[in-house]
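Asks: What follows is each chain in one-letter form.
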Amino acid sequence: MRKAEKNYFLYHDINAISELIQLGKEEYKAIQAEKEYIFPNLGRKTYEDLMTKFKQYVDLASSIQESRPLGPDFKLRFRTLGHELTRLFELLLKQERRNVNRIILFNISTLIVALAFILLVQLVFWQYFFRLIIKELGNIEPLIKKVSQGRFHEVAVSSVPSHDEIGIAIEAITNMARELEKRESALMQSGKLASLGVLISGVVHELGNPLNNISLMAQGYLSLYDMMGDEEKKHYMEDILSQTERIQKIMHNLLDFSRQKKTEMVEHDPGEVVERSIGLVINHIKLANVKLHKSIEAGLPPIVMDAPQIEQVLINLFVNAIQAMPNGGDLFVEVSKDQKNEAVVIKVRDTGSGIPKDLLPNVFDPFFSTKGTKGTGLGLSVSYGILRQHNGEISVESEEGHGTTFIITLPCHREQEGEGDAE
Amino acid sequence: MPNEIIIIDDEKIVCTMCKKVLDAEGYQVETFTDSVQALERIKEKRFDVVITDLKMENVDGMDILREVNERYPDTKVIMLTAYATLDAAIEAIREKIFDFFPKPVKIEDLKTAIKKALEG
Numbered sequence: 004m005r006k007a008e009k010n011y012f013l014y015h016d017i018n019a020i021s022e023l024i025q026l027g028k029e030e031y032k033a034i035q036a037e038k039e040y041i042f043p044n045l046g047r048k049t050y051e052d053l054m055t056k057f058k059q060y061v062d063l064a065s066s067i068q069e070s071r072p073l074g075p076d077f078k079l080r081f082r083t084l085g086h087e088l089t090r091l092f093e094l095l096l097k098q099e100r101r102n103v104n105r106i107i108l109f110n111i112s113t114l115i116v117a118l119a120f121i122l123l124v125q126l127v128f129w130q131y132f133f134r135l136i137i138k139e140l141g142n143i144e145p146l147i148k149k150v151s152q153g154r155f156h157e158v159a160v161s162s163v164p165s166h167d168e169i170g171i172a173i174e175a176i177t178n179m180a181r182e183l184e185k186r187e188s189a190l191m192q193s194g195k196l197a198s199l200g201v202l203i204s205g206v207v208h209e210l211g212n213p214l215n216n217i218s219l220m221a222q223g224y225l226s227l228y229d230m231m232g233d234e235e236k237k238h239y240m241e242d243i244l245s246q247t248e249r250i251q252k253i254m255h256n257l258l259d260f261s262r263q264k265k266t267e268m269v270e271h272d273p274g275e276v277v278e279r280s281i282g283l284v285i286n287h288i289k290l291a292n293v294k295l296h297k298s299i300e301a302g303l304p305p306i307v308m309d310a311p312q313i314e315q316v317l318i319n320l321f322v323n324a325i326q327a328m329p330n331g332g333d334l335f336v337e338v339s340k341d342q343k344n345e346a347v348v349i350k351v352r353d354t355g356s357g358i359p360k361d362l363l364p365n366v367f368d369p370f371f372s373t374k375g376t377k378g379t380g381l382g383l384s385v386s387y388g389i390l391r392q393h394n395g396e397i398s399v400e401s402e403e404g405h406g407t408t409f410i411i412t413l414p415c416h417r418e419q420e421g422e423g424d425a426e
Numbered sequence: 002m003p004n005e006i007i008i009i010d011d012e013k014i015v016c017t018m019c020k021k022v023l024d025a026e027g028y029q030v031e032t033f034t035d036s037v038q039a040l041e042r043i044k045e046k047r048f049d050v051v052i053t054d055l056k057m058e059n060v061d062g063m064d065i066l067r068e069v070n071e072r073y074p075d076t077k078v079i080m081l082t083a084y085a086t087l088d089a090a091i092e093a094i095r096e097k098i099f100d101f102f103p104k105p106v107k108i109e110d111l112k113t114a115i116k117k118a119l120e121g
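Note that the protein sequences, when read in sequence, are chains A and B.
Going by our numbering, the first residue of the first sequence is number 4, and it counts up by one from there.
Going by our numbering, the first residue of the second sequence is number 2, and it counts up by one from there.
Only chain A is shown next, with the shape it has when bound in the complex (with noise of 0.2 Å):
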């Protein structure tokens, strides 16, 4: 419209004036349709005023056209009315402008609650299932701390495992910790056996002398028949069985040692585990012309453990004791409580030959000996295993040419770790 007013007054253009008036009156026909958005935004009087000042413009140019009278300040009117309709059409515009970043600023605002909203949605969701998954995964916990811990017979599910992932995997480390089992019950049988092979020249000693007391009264019995009475008879034949009855003991001792049991966890004097297995060695270590030393504290507290296998650590020790005094020497046999009164130590010194320090760090690894062809490398790494499952400790303190010292740590009370487990 301010083109065509301007094609007017600079050329004279009078069709500029029928384009003025064309669009002029199609512009305010827009104006009043759009009457209900204006208003808002502009405010009624102003809206008005537009209106008022639209009319008077176009009603100017219709008398331009019309040749009617103009008046002596038509111009001046003319381009005040201009500028004013542009200034009041700017107005406008700069309110639509602001609608418009309202109304983007409003979407970009909704567009963020939206996504947080689905954030904190997929985060309660995730929190939910960590929260089952860590639940699944702390089913499993337990158990891998189990068989780090040697307790391979411990490692159950009271329940039958879920089959999902999770589920297979508590499976697999049942099934792993049951052939784990099995292999350290083989490995222990080795140890064992190796020990017993070292024990029998000791047996085959302690065996010969009750057999020859035999001999000897049976020989003397025959020899002597004539000149005994009934009571000196019958003195030979009694102290006879108490001879049979000397090897059959150390027959079960032997046989006891041998045999593959089950662990069986019960309360044990400590004092009487280690007597028992100084007994099964005594006649070796007279024999290696080796002085024992024993001293065992009184009043040890009870120590929940499986006999039969601490018998099988202390006599692997004293076997590697004597065996690291060929010319005799002296073995120490400490048991005491510790400081804390919280588990019972048992030392085994002996004054041998020592233990190189680069290899110390080794001496418990499986299959590691420093008895060459002598040794299968299996007693103090069966020993360690045994240890382990008690929950006690075994270290070794040496010094070259000096001996060496094993320390036995076995807590008094069990941890009850595995209660309450397997939910």
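Please note: incorrect hints may appear among the correct ones.
As the list claims (entries may be wrong) - Straight-line C-alpha distance at most 25 Å; calculated DMTMM-like pairs for lysine to aspartate or glutamate:
no., chain 1, residue 1, chain 2, residue 2
1, A, K294, B, D49
2, A, K297, B, E58
3, A, K236, B, D11
4, A, K252, B, E58
5, B, K13, A, E241
6, B, K107, A, D272
7, B, K13, A, D229
8, A, K297, B, D61
9, A, K252, A, D229
10, B, K20, A, D233
11, A, K236, B, D24
12, B, K13, A, E248
13, B, K13, A, E235
14, A, K237, B, E26
15, A, K294, B, E26
16, B, K97, B, E68
17, A, K236, B, D110
18, B, K20, A, E235
19, B, K13, A, D272
20, B, K21, A, E174
21, A, K340, A, E235
22, A, K185, A, D368
23, A, K294, B, E68
24, A, K149, A, E30
25, A, K297, B, E31
26, A, K297, B, D11
27, A, K252, A, D309
28, A, K237, B, E109
29, B, K112, A, D309
30, A, K236, B, E109
31, A, K252, B, D11
32, A, K236, B, E31
33, B, K21, A, E234
34, A, K294, B, E41
Just so you know, the hints here were simulated from the structure itself, not pulled from any lab data.
Following the hints, position chain B against chain A.
Replies: For chain B alone, coordinates are given in the frame of chain A:
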């Protein structure tokens, strides 16, 4: 004067049985189940024959054999053992043992060995 014999074995039955049989043969017999005490006795008195076990606590048969050989070269030592290894026998022979019997011992063999020892 009867021949004097000392028997050293930590098994009491060996001591009592051998003493009974050898007493009946007319020998003068002393027995010791503690080898330390036996060694002390040997240091103060000479015996014609010493019968000793090989493996004993504190003082063993080889210690007895060495002590006897050093003090009384004419005394014969007969060794008994339930631990009859070749190494033990060789070591005993080197130390001039008179006879060496693995357990169980036959009393007749022992009696023969004592007779031979006293003759020689």
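Asks: Run every hint past the structure and note whether it holds.
Replies: Checked hints:
1. K294(A) x D49(B): violated, 31 Å
2. K297(A) x E58(B): Roughly 15 Å between the alpha carbons, so the hint for K297(A) and E58(B) holds.
3. K236(A) x D11(B): Answer holds: K236(A) to D11(B) is near 24 Å, not above 25 Å.
4. K252(A) x E58(B): holds, 22 Å
5. K13(B) x E241(A): Cα-Cα ~15 Å, so holds.
6. K107(B) x D272(A): It is violated: about 44 Å lies between the C-alpha atoms, which goes past 25 Å.
7. K13(B) x D229(A): holds, 23 Å
8. K297(A) x D61(B): holds, 21 Å
9. K252(A) x D229(A): Violated: K252(A) and D229(A) sit about 33 Å apart, past 25 Å.
10. K20(B) x D233(A): Holds, because 20 Å separates the two Cα atoms, which is no more than 25 Å.
11. K236(A) x D24(B): Measuring from Cα to Cα gives roughly 18 Å; hence the hint holds.
12. K13(B) x E248(A): Since the Cα atoms of K13(B) and E248(A) sit roughly 16 Å apart, the hinted pair holds (cutoff 25 Å).
13. K13(B) x E235(A): holds, 17 Å
14. K237(A) x E26(B): holds, 23 Å
15. K294(A) x E26(B): Measuring from Cα to Cα gives roughly 38 Å; hence the hint is violated.
16. K97(B) x E68(B): Answer holds: K97(B) to E68(B) is near 12 Å, not above 25 Å.
17. K236(A) x D110(B): holds, 23 Å
18. K20(B) x E235(A): holds, 15 Å
19. K13(B) x D272(A): violated, 32 Å
20. K21(B) x E174(A): Measuring from Cα to Cα gives roughly 73 Å; hence the hint is violated.
21. K340(A) x E235(A): violated, 50 Å
22. K185(A) x D368(A): Holds, because 19 Å separates the two Cα atoms, which is no more than 25 Å.
23. K294(A) x E68(B): Within the cut-off at roughly 21 Å; holds.
24. K149(A) x E30(A): Violated, at about 88 Å.
25. K297(A) x E31(B): Violated, at roughly 32 Å.
26. K297(A) x D11(B): holds, 21 Å
27. K252(A) x D309(A): holds, 21 Å
28. K237(A) x E109(B): Holds - the C-alpha atoms of E109(B) and K237(A) are around 23 Å apart, at most 25 Å.
29. K112(B) x D309(A): Judged against 25 Å, a Cα distance of about 51 Å means the pair is violated.
30. K236(A) x E109(B): Satisfied, since the Cα-Cα distance of roughly 20 Å is no more than 25 Å.
31. K252(A) x D11(B): holds, 19 Å
32. K236(A) x E31(B): holds, 23 Å
33. K21(B) x E234(A): Between K21(B) and E234(A) the Cα gap is close to 16 Å, so the pair holds against 25 Å.
34. K294(A) x E41(B): At roughly 20 Å apart (the allowed maximum being 25 Å), E41(B) and K294(A) satisfy the hint.
Consistency note: the structure conflicts with the earlier hints numbered 1, 6, 9, 15, 19, 20, 21, 24, 25, 29.
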